[in-house]
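Line by line, the protein sequences are chains U and S.
Here this note's numbering is used: the first residue of the first sequence is 1, the next is one more, and so on.
Here this note's numbering is used: the first residue of the second sequence is 1, the next is one more, and so on.
Some clues are possibly wrong.
No more than 27 Å apart at the CA atoms, straight line, and that leaves these computed lysine-lysine pairs for BS3-like [said to hold, decoys possible]:
(1) U:K68 - S:K22
(2) U:K1 - S:K22
(3) S:K44 - S:K19
Here are a few chain U residues that sit away from chain S, every Cβ distance over 10 Å (derived from the structure) [to be verified]:
(4) D27
(5) K42
(6) N63
(7) K68
(8) S69
(9) D95
Hints are computed from structural coordinates only; laboratory data are not their basis.
Every residue, glycine too, gets a C-beta built ideally from N, C-alpha and C.
In case you want the letters, here they are:
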Amino acid sequence: KQEVTQIPAALSVPEGENLVLNCSFTDSAIYNLQWFRQDPGKGLTSLLLIQSSQREQTSGRLNASLDKSSGRSTLYIAASQPGDSATYLCAVFYDKVIFGPGTSLSVIP
Amino acid sequence: DTAVSQTPKYLVTQMGNDKSIKCEQNLGHDTMYWYKQDSKKFLKIMFSYNNKELIINETVPNRFSPKSPDKAHLNLHINSLELGDSAVYFCASSLRQGYGYTFGSGTRLTVV
Chain U
1 KQEVTQIPAA LSVPEGENLV LNCSFTDSAI YNLQWFRQDP GKGLTSLLLI QSSQREQTSG
61 RLNASLDKSS GRSTLYIAAS QPGDSATYLC AVFYDKVIFG PGTSLSVIP
Chain S
1 DTAVSQTPKY LVTQMGNDKS IKCEQNLGHD TMYWYKQDSK KFLKIMFSYN NKELIINETV
61 PNRFSPKSPD KAHLNLHINS LELGDSAVYF CASSLRQGYG YTFGSGTRLT VV
């Protein structure tokens, strides 16, 4: 069965810390993996899309890595800011897309 | 210049009513989707259309009927609304199946 999990479910860090969010998937035969952020009461904003042939993608302070063999992706956020506070979701693309349950991040000023 | 736009943003209605949510994308994408996000924030696929043709139809009550007049539009009509239909409904699009998604801002449906 294809499942996607995200650990931790919630994370609270002081401003300026570097942090890592994890996404695990049970079936390694993925097409792509996409990271999103969702602010309260808002839609999903795409952060990074990693194709199955890629190992990582970077955008500004964000870096996402993909290790298909171990069924893991990590989202690294450097020098966290209060504006990074949101829920972060990973979406794993098979024939259909499976979303993780999300990690709720709170960055304390 | 909104890429994926949904209307209305909020919808409050009584049980038993029929309502529609509209979605339009100006990205030139071939594939569009409807997702439901429940109170626990879990996202579940409802429907997927590729170039106006239905390709995914998950286990959704037949009170929900999608309609795609062209590949830039995917509307969702809901008959005989029930309390359990209260949720946030998201429209999304992708260049093709298996490609990254762009989401709309969501429609918060409240059935009273």
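Results of checking the hints against the structure:
The straight-line distance between the Cα atoms of K68 of chain U and K22 of chain S is roughly 37 Å, outside the 27 Å bound, and the hint therefore fails. Distance hint between K1 of chain U and K22 of chain S is unfulfilled; the C-alpha atoms sit about 33 Å from each other, more than 27 Å. For the hint linking K44 of chain S to K19 of chain S, the alpha-carbon distance of about 20 Å falls within 27 Å, and the restraint holds. Distance to chain S confirms D27 of chain U as a non-interface residue, since its nearest Cβ pair spans about 14 Å, more than 10 Å.
With a least beta-carbon separation of about 6 Å from chain S, K42 of chain U fails to lie farther than 10 Å from that chain, contradicting its non-interface assignment. A cut-off of 10 Å between C-beta atoms confirms that N63 of chain U is not in contact with chain S; the least separation is 17 Å. The Cβ of K68 of chain U lies farther than 10 Å from every Cβ of chain S, with a closest approach of about 15 Å, so its non-interface assignment holds. Every beta carbon of chain S lies more than 10 Å from that of S69 of chain U, the smallest distance being close to 20 Å; the non-interface claim holds.
Not every CB of chain S is more than 10 Å from the CB of D95 of chain U (nearest about 8 Å), against its label as outside the interface.
Consistency with the previously given hints fails for numbers 1, 2, 5 and 9, ordered from lowest to highest.
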